[in-house]
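*Asks:* Letter by letter, the chains look like this.
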Amino acid sequence: MTAAAVQCRDLCKRYGDVVAVDGLSLEVLRGECFGLLGPNGAGKTTTIEILEGLLAPDSGDVEVLGLQWRRDERALRQRLGIQLQESQFIDKLTVEETLRVFRSFYHRGKTIDELLSLVELESKRSSWVVKLSGGQKQRLSVACALVGDPDLLFLDEPSTGLDPQSRRQLWGVLQRFRAGGGTILLTTHYMDEAEVLCDRVAIVDQGKIIALDTPKALVAGLGAPKVVVHEGTLEDVFMSLTGRHLRDE
Amino acid sequence: MTSNGARGGAHHPLVELTLARLREFVREPEALFWSFFFPIVMSIAMAIAFPSRGAQPVRVGIAPGASAEALRATLAADTTIEIRDVPPDEELRQLREGDVHIVVRPGNPPTYRFDPDRDESRVARLVVDEVLKRAGGRTEPWQAREDAVRIPGSRYVDWLIPGIVALGIMSNSMWTIGFMTVQMRLRKLLKRLAASPMKKREFLLAQLLARLLFLGPEVAVPFVFAMLAFGMPIRGSVLNIALVAVTGVLAFGSIGLLVGSRVRTIEAVSGLMNLSMVPMWVLSGVFFSSSNFPEAVQPLIRALPLTALVDAMRAVVLEGATLGGIRPEMATLAAWAIVPFSIGLRVFKWR
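So the protein lines, in turn, are chains A and B.
Sequential numbering from 1198 applies to the first sequence in this note's numbering.
Sequential numbering from -17 applies to the second sequence in this note's numbering.
Where hints are given, some of them may not hold.
[Stated by the list, open to error] List time: in silico DSBU-like cross-link candidates among lysine-lysine, alpha-carbon distance up to 35 angstroms:
1. B:331 with A:1328
2. A:1328 with B:173
3. A:1321 with A:1289
4. B:182 with A:1413
5. B:331 with A:1405
6. B:331 with B:182
7. B:182 with A:1334
8. B:173 with B:331
9. B:181 with B:170
10. A:1334 with A:1289
11. A:1334 with B:115
12. A:1334 with B:331
13. A:1328 with B:170
14. B:331 with B:181
15. A:1405 with B:170
16. A:1334 with A:1321
17. A:1405 with A:1334
18. B:115 with A:1289
19. A:1321 with B:115
20. B:182 with A:1289
21. A:1321 with A:1413
22. A:1289 with B:331
23. A:1328 with B:115
[To be verified] Just the calculated beta-carbon pair ranges, DEER-fashion:
24. A:1211 with B:276: 31 to 37 angstroms
25. A:1368 with B:-4: 56 to 62 angstroms
26. A:1317 with B:11: 44 to 50 angstroms
27. B:206 with A:1368: 56 to 62 angstroms
28. B:199 with A:1325: 23 to 29 angstroms
29. A:1226 with B:329: 23 to 29 angstroms
30. A:1324 with B:12: 18 to 24 angstroms
[Unchecked claim] Far from chain B, by Cβ distances over 12 angstroms, these chain A residues were calculated:
31. 1213
32. 1268
33. 1282
34. 1301
35. 1306
36. 1368
37. 1392
38. 1397
39. 1438
Just so you know, these hints were derived from the structure itself, not from any lab.
All of these numbers come straight from a predicted model, not from anything done at the bench.
Just so you know, even glycine gets a beta-carbon here, dropped at the ideal spot from N, CA and C.
Please model the entire structure based on the sequences and the hints provided.
*Replies:* If you want it as structure tokens, here you go:
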């Protein structure tokens, strides 16, 4: 068994004339939190969806937990937790009912009570999904990903659109999952999120990885004098590599 | 921290998915309205619009003229005739609108003005001719004995109700399943489910099962209403009616699934739904007998799922047919349940 939780080589995916992923290779070690950082349209979501087995790459190899999508999909799905960007649950089901539906798909996993306390939604147990705040919805979404006690958690922009307090609550949930030995692969375009959560960060631009290291090393490698008013951030790293801002909205 | 019990207190996925669907449905008041009250409202409207044929009077218009008064007196003696005066410039309009079925111009002999292509007008001509000739002194060679019977279940409304129930099964099954899948695709919930270990077949089956649980009231409400309000006879067994209805739901549910299998917008799915349902509204003999269509298209009409459901429902409810008597219809419905479901499962887009 390899030490890698996720391994992919030379992934390519194009939509018509647009090359979304252009020969991307990466390796996520077991137990680490790995971040794909990049602006909108960099190919982060396409990459993570290929790794999640939701999209087939045009070329390249993917191995997740030492298994392959084509051969071992059924076994693999039991061991993964997946949170998608923008997927909405059924408005008029309660939090508990939603979790029960997802829990029923897994052979092993947590009880509904354990999940509710893990994501701090006990008080919302009987609320309809439509009545939840953005942060609560996002934590429900993470709870649905954690429902089967996964070995590996995929998160696509987990904190986009959340207020600072909700983000910190979400980070707490993810740090508890890591403390239990779980592996995380997440995409984000927030550098502070990557600096707080990730052991290693790959900076993605135009479907390629243009830098890969620990957040600290990336900032140090910037070569910017540390005596200036503020210390360098990943945003500065990105700007110096591409000449563009990370969040280009 | 890990599980107690195989699914951490959750039921089998098929049960959980079906329950989720049912909960969503009962928490949507509009959906309940369409399922239960629409068929009743429809039945009442139909009963008012199409009363029993026998009670229809013959509406005769009388044109002005010298002997108009005598003509009126003669015709008024017959209780099945309703008379109104029609000025000459109004004749065509009133005939066209069906305000009168025939116009009689006084004279010796009188003139009948009517459209021989219209059934009511032909009947009116016979009635008027009979009354006038008898008054004119015609002698009858003999008088037939009349044996009038009133057959329950032979009225238009009796014929209509099973059709309305079948129509309800079609609309509810196709709309709820087709619409729901597109909505879940739009919300990316289908994609999220596909990312879980859920078995896709179980998800699609759960949608059909949830429909079945609502079927009881949907079918029973209009039938019980028709029994109480119109004295409609139910001659077949409840079990057979249920079997026909269940097969109907499976057929239309699986068609709905196929229709919604790849569509990404509500507008597109609405268009496809109408495209597949409207021809059946017309062709399948819900409101008028499909024998009105040419012989050449009859095999096609019989192959439509709504025709099969309407015919089977009528045979069971009105004639008390057993399953053996509706074997061809049930076979047609079963084919519509199996083929679109298998294709739908194959081409279904989860994202």
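*Asks:* Does each hint fit the structure? Answer for all of them.
*Replies:* Verification of the hints:
1. B:331 with A:1328: holds (29 angstroms)
2. A:1328 with B:173: This hinted pair holds, its Cα atoms lying about 22 angstroms apart.
3. A:1321 with A:1289: Roughly 13 angstroms between the alpha carbons, so the hint for residue 1321 of chain A and residue 1289 of chain A holds.
4. B:182 with A:1413: violated (44 angstroms)
5. B:331 with A:1405: holds (29 angstroms)
6. B:331 with B:182: holds (11 angstroms)
7. B:182 with A:1334: holds (25 angstroms)
8. B:173 with B:331: holds (9 angstroms)
9. B:181 with B:170: With a Cα-Cα distance of about 17 angstroms, the restraint between residue 181 of chain B and residue 170 of chain B holds, given a limit of 35 angstroms.
10. A:1334 with A:1289: With Cα atoms ~13 angstroms apart, residue 1334 of chain A and residue 1289 of chain A stay inside 35 angstroms; holds.
11. A:1334 with B:115: violated (85 angstroms)
12. A:1334 with B:331: This hinted pair holds, its Cα atoms lying about 25 angstroms apart.
13. A:1328 with B:170: holds (19 angstroms)
14. B:331 with B:181: holds (14 angstroms)
15. A:1405 with B:170: Between residue 1405 of chain A and residue 170 of chain B the Cα gap is close to 27 angstroms, so the pair holds against 35 angstroms.
16. A:1334 with A:1321: Cα-Cα ~10 angstroms, so holds.
17. A:1405 with A:1334: Cα-Cα ~32 angstroms, so holds.
18. B:115 with A:1289: Distance of about 73 angstroms is beyond 35 angstroms: violated.
19. A:1321 with B:115: violated (86 angstroms)
20. B:182 with A:1289: Given that 35 angstroms is the threshold and the Cα spacing comes to 22 angstroms, the pair holds.
21. A:1321 with A:1413: Answer violated: residue 1321 of chain A to residue 1413 of chain A is near 38 angstroms, above 35 angstroms.
22. A:1289 with B:331: The hint holds at about 24 angstroms.
23. A:1328 with B:115: Violated, at about 79 angstroms.
24. A:1211 with B:276: 31 to 37 angstroms: violated (53 angstroms)
25. A:1368 with B:-4: 56 to 62 angstroms: violated (36 angstroms)
26. A:1317 with B:11: 44 to 50 angstroms: violated (33 angstroms)
27. B:206 with A:1368: 56 to 62 angstroms: For residue 206 of chain B and residue 1368 of chain A the Cβ distance comes to about 58 angstroms; the hint holds.
28. B:199 with A:1325: 23 to 29 angstroms: holds (24 angstroms)
29. A:1226 with B:329: 23 to 29 angstroms: violated (39 angstroms)
30. A:1324 with B:12: 18 to 24 angstroms: holds (22 angstroms)
31. 1213: holds (17 angstroms)
32. 1268: Fine: 15 angstroms to the nearest Cβ keeps residue 1268 of chain A off the interface.
33. 1282: The claim breaks: residue 1282 of chain A does not keep its Cβ more than 12 angstroms from every Cβ of chain B (closest is about 8 angstroms).
34. 1301: violated (4 angstroms)
35. 1306: Nearest chain B Cβ is 5 angstroms from residue 1306 of chain A, so the label is violated.
36. 1368: Given that every Cβ of chain B is farther than 12 angstroms from that of residue 1368 of chain A, nearest at about 20 angstroms, it holds.
37. 1392: Holds: least Cβ distance 28 angstroms, greater than 12 angstroms.
38. 1397: holds (24 angstroms)
39. 1438: holds (32 angstroms)
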